[in-house]
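Just so you know, the protein sequences line up as chains B and X, in that order.
Sequence positions in the first sequence follow my numbering and run 1 to 190.
Sequence positions in the second sequence follow my numbering and run 1 to 962.
Please note that a few of the clues may not be correct.
Said to hold, decoys possible - Now the stretches of chain X that chain B is said to cover, found in silico as 3 or more residues with beta-carbon under 8 Å:
hint, segment
1, 153-166
2, 578-590
3, 782-794
As the list claims (entries may be wrong) - Cβ pair distances, simulated, as ranges:
hint, chain 1, residue 1, chain 2, residue 2, range
4, X, Arg523, B, Glu173, 43 to 51 Å
5, X, Gly574, B, Glu173, 19 to 27 Å
6, B, Asp118, X, Arg136, 49 to 57 Å
Unchecked claim - Here's a subset of chain B near chain X, in silico, CB distances under 7 Å, partners left out:
hint, residue
7, Gly31
8, Thr87
9, Tyr91
10, Leu94
11, Ser116
12, Asp118
13, Leu122
14, Val124
15, Pro126
16, Gly136
17, Asp157
18, Gly158
19, Leu162
Just so you know, the hints here were simulated from the structure itself, not pulled from any lab data.
Even for Gly, the Cβ is constructed at its ideal location relative to N, Cα and C.
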Amino acid sequence: MSVPLPHSPAPAATLSLTDLTVVRQLVGVKGPKAAQWLANLGLPLPETANHWLALDDDRLIARLGLSEFLLDGPPGSLDTLAATPRTHGVYPVLRQDAAFLLCGAGAPELLAQVCSLDFATLEVTPGALALTSMAGVGVTLLPQPGDGGSRYRLWCDGSYGLYLWETLREIAEALGGDAVDAQTCTESLP
Amino acid sequence: MRRLPPVPGEWIDRDRPLTFRFEGRSFRGFAGDTLTSALLAEGESMLGRSFKYHRPRGVLSFANHDVNAVVQLGDQPNARADVTPLDEGMTLTAVNTFGGLRKDRASLLGAMARFLPVGFYYKAFHTKALFPLWERVFRALTGLGKVDLDAPRWRTPKRYGFCDVLVIGAGPSGLAAALAAAEQGARVTLVDENARPGGSGGYALGADPGRARQTAELVDAARAHPRIELITGAYAAGYYADHWVPLVTPERMIKMRARAVIVASGAYEQPAVFRNNDLPGVMLASAAQRLLYRHAVQPMHRAVVLVANADGYRAALDLAAHGVKIAAVIDLRPQSCLTDAELALTKRGIRILPGSCIVEARPGDGGRVASACVGPFEERGNTPTITETIDCDGILMSVGWAPTANLLYQAGTRMRYEPSLAQFVPDVLPEGVFACGRVNGTYTLDARLLDGRRAGSAAAAHAGFGEPKTITVPPETDAPNHPWPMIPHPKGKNFVDFDEDLQFKDFENAVQEGFDNIELLKRFSTVGMGPSQGKHSNMNALRILARLTGRTPGQVGSTTARPMFHPVPMAILGGRGFHPERRTPMHDQHEALGAVWMPAGDWRRPEYYARPDVARDECIREEARSVREGVGLIDVGTLGKLEIIGPDAAAFLERVYTSRYSNMKVGMTRYALMCDESGVVIDDGVVARLAEDHFYFTTTTSGATAVYRELSRLNLEWRMDCGIVNHTGAHAAVNLAGPRAREVLAAITALDLSAAAFPYLAVREGKVAGIPARLMRVGFVGEWGYEIHVPARSGAALWEALMKAGAAHGIRPFGVEAQRLLRLEKGHIIIGQDTDGLTTPLEIGMDWALKMDKPFFVGQRSMEILARKPRKQTLVGFTLPEHGLAPKECHLVIERNEIAGRVTSIAWSPALQRHIGLAFVDPDLAARGHFRIRTEHGAMIEATVSPTPFYDPDNLKQKEVS
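Next up, chain B with everything else stripped away, as it sits in the complex (with noise of 0.2 Å):
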């Protein structure tokens, strides 16, 4: 029998965990001549490994290493991105993974029990995003400016999605949060 330790502290704090997987589209694409096929296609680029730029109130296109994409935007929002043909040097990445919302000022407790990465030192780089580990999955998280307090997205392989999504849920409730209906979750993406 497993059971949570008695008397910890749920410490009072905003925390909401939102399931975005079904409500975003997201696009891949990675080579040596990615980052010139994107700008080709208008698209700007962060100029760094590991960043990210909003292309506009709802998509993002996130730089996770040298020569690999990611673009995340609603539903369709992306489907003439991924209907263009791959040129030479160019990979497609078929992403189907699992998307989240962590907001509130509980965040970054939860992150703190999940996962090894001292966020402090992230958000501290305008534009900085991770892939890093949470929980023994590997994830892409972004931490997103707002004024409602900390904001983070973050995706993982879809085949981990439940896992994490109930490994999350489970400490958000336990620091005083809930999960959020991606529909009731009025945040603006990204």
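Starting from the structure of chain B, add chain X where the hints point.
Just chain X now, with coordinates in the frame of chain B:
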């Protein structure tokens, strides 16, 4: 012993009385009490029994530095009563007793002490036949609390923490260090194992409230500082590389990573060694001071104070200020140092006996100390003559300290013995590690504050904040430690190690036996191996060893200090377990169909689908029969799914797989076998050519991540014009197999499924149930079949569509076990089951997959060498008689009483109506055509070598005519 009127700064809350039970009796205490302080306040001086002789024990350190007060607290064994907070309704019992604390029957062992010298068990138990008896006896006698095997696992929330400077110890020097570092701009975490900060600054006062005020001001400043995080009730359990320090709280472990670490952990007060120094009522002076100032407990009424430093005089003053009659101060040193505290005691009319010692303590009724026998102290080692017996109900010991240098040692600090201090101090500190305060050999309060500021500034500078300030710390003028606080006694019971009941003479005996090295002495005598890990015994032990071997303590050195600093509960060590689990998109469908799950790496796969009132084996056979006779559907989404794109894609595959791919036609697939450099088979799969420069290929479920990683590495190394994409989690995949598979699929796709348009081993792209899909004609299970790959988010829809389309054909899902049976009938191997970490393609009949005329492939050169050597084993198919026992996988092939192979796969074949299997056997046995397998019960079973495939050897099932 009694509860004092309110003491300024006390930790107890007198408005919150609590009740609890100890050894069947009721007691009262207050919130803020520890178990020990509450018991002492109620007059209970006997708290436990010693480990070996079961002697009555009371408070010694009151700091979790000894195990005199260890209790069973519900299902929690070995709770440290000195530091465990009191709670309402607690029920406690002493550990390590037979019949209770007061009437412990095992106390008889004390009378047998002369027959139980150190290391007696090494010499006494040589009769092998009696080992089980002695094992039972010793298991019954040893151990402390009882582990409840049914206790639930606590899932404690581990967390990571980060800071610029970690300060370990929030005493005066630690507080000063934290403030100095924070003032220079560093983020500081200040951690202390006590419930409140302040350390000795809150209790070692010498009846001077100004010292407490000074410390309180530091605490207030630290609490108010925006860059200081103060964590109390947490101890630094160890030091690991790159300034990684686990902080253990009652509820969790914080994995703290710092840029610099300041060890301000203070020192353990050390006991003097004299006869009966373990009687209840004999305690360290600092223990009494903590009881007074933190918990308002007067630990005794009439005390004798044994001292060898200024701290002891201050302790006597503290006691006197709280109503304790000081019968005498016994100073080991021949001359007084005329400190303020000493003068204050003299002014109070308290007798001071310099150059004296306590020869022995004597118990009164009930076992508590009743008198101290005093005599002249001789450092030469003779037992002094008793010149005076002083009545008392308590003896304080304040003869010196041992640095709490555990973490410094673990960090790699080189320590040196400083004779003027009679203490080990840091000599060379590792980069980024700093020390201050008592652990650094600094004892006076002003010096400790200076030392803290020096270390704090230096640590902040190391972390990148400001410049280190030059602060000079004056050296100690009064040695805080006596170099030889030992009083031999012919009757012994002068304990050096309270955990293990080790007496002075035990060390003499150990050295006489030849254990004259500190590490050997430790292991022979067990000094420092008890639960407190030598916190109160190692220093005196090495002093004794040094004297007995004619060396200095510095030459003797200390034993290795290993984590953890205190015992860490398993619940904290284990923490919240993370066990990543992958699920395919069809998980819910499987669940609804009654899947019985099995792990496959991180994945969960249906082993089979349970049916009401049908046994497991029958369910599996029904699933297999469905595939053979109709149509079945299996989720194969756990396979690794990679793509390689680029002009060099085919050339790359030729280098990493053993077969040829450059000559593959677009739209076709080919088996792929992968070896490592030594020629060992490591993975297999199917390669499909989607375009001249584009291949899609599968790997084994367990090999996907490793194969992708290795191929990516090789691609970087070889710099070929191609790129690899891992789509394992992004694609769902199923295998639709059986004579009616084509009919089912045809209902939901517009693809031409004729054998001419979509032949065996072809790959096609099209839509299935409106979902973009890749389809491969495969025959892994030996039937007409299609492996269908779709984007993961469409996996569930694909499954539903196929099950719906197949309903009219009696489609059934089948699990991993049915697939294993079906592929075995077809003679297909499973990498990792029918191979191991040494298997080469030559041993499993895969010669045909080796294209040795290629310029290069990984493992090719090894294969050339292996091909010239005789085979040690070969994988063969075998059948068993129709009736009789069957072996299991891994059962051994035996020939002439020697191991000659093993079974790798076995199953009862519905198609052949008998057991069939694969086995590695000696090549001679393979040629002979039969061999014997030994079952787990010893029966020998005759197996007949059989060619594979067992089923459809001519592959007719893949042809249109079938």
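Checked hints:
no., hint, in the structure
1, 153-166, "holds (count 10)"
2, 578-590, "holds (count 9)"
3, 782-794, "holds (count 3)"
4, X:Arg523 to B:Glu173: 43 to 51 Å, "holds (49 Å)"
5, X:Gly574 to B:Glu173: 19 to 27 Å, "holds (21 Å)"
6, B:Asp118 to X:Arg136: 49 to 57 Å, "holds (52 Å)"
7, Gly31, "holds (5 Å)"
8, Thr87, "violated (11 Å)"
9, Tyr91, "holds (4 Å)"
10, Leu94, "holds (4 Å)"
11, Ser116, "holds (5 Å)"
12, Asp118, "holds (4 Å)"
13, Leu122, "violated (11 Å)"
14, Val124, "violated (12 Å)"
15, Pro126, "violated (20 Å)"
16, Gly136, "holds (4 Å)"
17, Asp157, "holds (4 Å)"
18, Gly158, "holds (5 Å)"
19, Leu162, "holds (6 Å)"
The structure fails hints 8, 13, 14, 15 (numbered hints given earlier, in ascending order).
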